[in-house]
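K.L.:
For reference, the chains in residue letters:
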Amino acid sequence: MLNQKLLTSSHAPYWHNGSSISAKSYHIMLAALPALIMGIYQYGVPALRVVALSVSCAMIWEFLMDYVTKRPISIGDGNAAVIGLLFSMLLPATTPWWAVAVGTFVAIIVGKQIYGGLGCNPLNPTLVALAILMLSWKSLFNFDGALANYDLGFYMVYPLGAVKHFGTDSLMNYTLSGLFMGRQSGGLGATFGLGLVVGGIYLILRGYIRWEISASFLAGVFLTALFFNLADPARYANPVFHLLTGYTLIGAFFLATEDSSSPVNFVPMLVYGAGGGILTVLIRNIGAFADGSVFAILMMNIANPLIDKIRPRALGRRVEHA
Amino acid sequence: MITRPFWGLGKPRLNYPPIEMLKAGSLAEVALPSRIVLLVRGAYAENGNLLVKVGDRVKTGERLILTEDKQDYFISTATGLISNISSYTGYLEEPYTSISIDAEGEEQWDGEFERSGPSMSRREALRFFKSLPGEPVFASLINKEPPLEALVVNCTDKDLLVTTNQSILKSEFESLKQGVEILRAISGIKRVVVLVPEGMDVQIEAEDVYVIEIKPVYPATLPKMVVKNVFGREVPAGETCEAVGLGFINAEAVVALALAYKSRRLPVDKVITLIKKDGSCLNLKARIGTPAKDILNAFGIELAHGDRLIFGGPMTGEAIYSEDTPISYGTDAIMVQDREHIVRSSDLQCVNCGECVRACPAKVPVNMLVRLLQNGFYEEAANRYDLLSCIECGLCSYVCIARIPLFHYIMLGKYEFAKIKSAEEVNVESEATD
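Chains as they are written, first to last, in the working numbering: chain A, -3 to 318; chain B, -19 to 414.
Stretch-level coverage of chain B by chain A, calculated; a stretch enters the list once three of its residues show a Cβ under 8 Å from a Cβ in chain A:
1. 287 to 296
2. 359 to 371
3. 377 to 385
Below, simulated SDA-like cross-link-like pairs (lysine to any residue); rule was C-alpha separation at most 20 Å, straight line:
4. A:K305 with B:F357
5. B:K256 with A:S5
6. B:K343 with A:L302
7. A:K305 with B:P341
8. B:K170 with B:I122
9. A:K305 with B:R351
10. B:K265 with B:F279
11. B:K208 with A:P308
12. A:K66 with B:D327
13. B:K257 with B:E303
14. B:K401 with A:R314
15. B:K124 with B:V224
16. A:K1 with B:A299
17. B:K(-9) with A:S16
18. B:K157 with B:D181
19. B:K208 with A:R314
20. B:K343 with A:P301
21. A:K1 with B:H321
The following label-pair restraints were derived from C-beta to C-beta distances:
22. B:R43 with A:P308: 48 to 54 Å
23. A:P301 with B:E404: 26 to 32 Å
24. A:S173 with B:Q354: 46 to 52 Å
25. B:F(-14) with A:L172: 30 to 36 Å
26. B:H321 with A:L201: 27 to 33 Å
27. A:T65 with B:E404: 35 to 41 Å
28. B:N363 with A:S173: 55 to 61 Å
29. A:T171 with B:G356: 57 to 63 Å
The set of hints was computed from the structure by calculation and includes no laboratory data. Quick caveat, the model's predicted, so the values are computed rather than measured. Glycine is no exception: its CB is placed at the ideal position from the N, C-alpha and C atoms.
This is chain A alone, in the form it adopts within the complex (with noise of 0.2 Å):
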């Protein structure tokens, strides 16, 4: 019986398309690089040495978490990696290695495993870190405070922070093409605009990510501060600005983009899409916090279910009357 020849048997189809999880994972990682770089570029050793640990510390949260629940080794999905990647380049480069193990822990456990792992995340876990921490150690975030020891040779205000307090009048210190090329302060990877929407197109063309919710992210946060602007020129700064400061685009690219959190239908996606966007511009605009993109984005993880609902009508399914 031993030398018996078994075939294999399993339910059709016998062809897949050889997409895989740790594919998408390490695409993801490719096109937050040029971005990445450009940070490290600027601030030298203290960034890497935030992405490097916050990646590292991601993994191992984990592992242990996995190994400590028993489930299988899930890390080689790299999922672990790209929710410490992205949230690295959320942070200043100077932030202090407990905050980095801390907003990791959060993100993973917190975030992601306590749900059941990849999938059954309801919220995005690099933001829920990012929240948590910013609400606890509402000083690592000050930006201006942080890169205080830094002088890049532009204008070292947060620009977003520079808007909230300043009004208008302090947007003279910006060109619109400089903050599209990184010279502004913020998060160590997310300053380099040219950078995050090559890497977003990127993904968008290899299908990784969905067009749908970054264009409408993009388009509800132009629009909306267009009104803004438009009512009151002084106060509320001109849309493409909002466009290349403080999160924008690396959330409606990274983030917002996140499978687990974010819908699968067309609508639902463009409404979505939309929602994140013009919350961003309302918080920023008149809510109490210098950039909103974070608790946008987490709102619409919140309604995400309750969107996906909007669906086309199955191929023969009877229309129900209340």
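Fit chain B to the known structure of chain A by using the hints.
P.N.:
Then chain B, alone, in the frame of chain A:
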């Protein structure tokens, strides 16, 4: 294997094989094996009162009645001795009776069909053509009162790489036309729609016969997609195409019917597309009941430990666990897959990427459905998440980035839901009688 394109914005596009690949008249014939195994639908093996017994001598084309009361029958496809009768369980626990015939001596044809005369009545058709090659349940198609609104003759193939019907359309076009007329006569159906692959120049000049070209993109040839795209109708979820008045029949069955009336011999051969390990295909003709082993041996195909043997095509076929499994009336293709090419499923959770939702031709919310099916909520899956709208094309599993066996879960869900439904009906009936 067709993999994901480098750029991936839209839906997957899987094309049917181009018709240039077909070579008319190049059907290789597999010799009659020493043992034929016939699978007859229904659990008769446990029944002690079978009219067919081990040791009975049968002739090719002989009509053999199984039990006195049910009048169910099968057609022997070889001449010899019945050597074994046992039960066999098929896909979704479908019960079959397996009847083995050891071929003996020179082939002799039974004359019952020949003697029945040249009449083409429905009664006669039901008496002899319970199954036709390419159409295992032919009887239900013609036995409708009033007749179906239209008959759809499918000269395309349902699955990828399969060219069975297309090659028959090329080589047996005249018989196809005769078969259509015979079908109209015995079924009473007036309108006939002939589906042909795009680019194949086919003209049939007859009243109420329409030729329609089908685009070669999977799953455009699946019946429910044809109903939607060609007829602009929708088959209600959970029902068959016959619910909207359309009967589907494969070109092979139509041709087999015409040839049967011409030669006065019942059809006993099946045309099969053999898909080899390297993806190359060839068409062959084999006796119905030939074990897969004999066909593979005839073409020198080695099956190693861990390989996969599939009856049907790469998207919807059925993996077979034994080389001794015989081909049947519905086996359009045999596919052999090397163990190196097998992509294993995972037990991961859905990551909600939405690829399946975009790929689904029936707009089923597969991402929500799989969450319910994994947890056994079959009724909710059917009532709220369109389980029964699935047209069974397999594209969701094909594109799943987490490699979840989605199609498997859906078929399990349909099966379990049907069981729940029938249990409920039994309860309602017993309450009514109490």
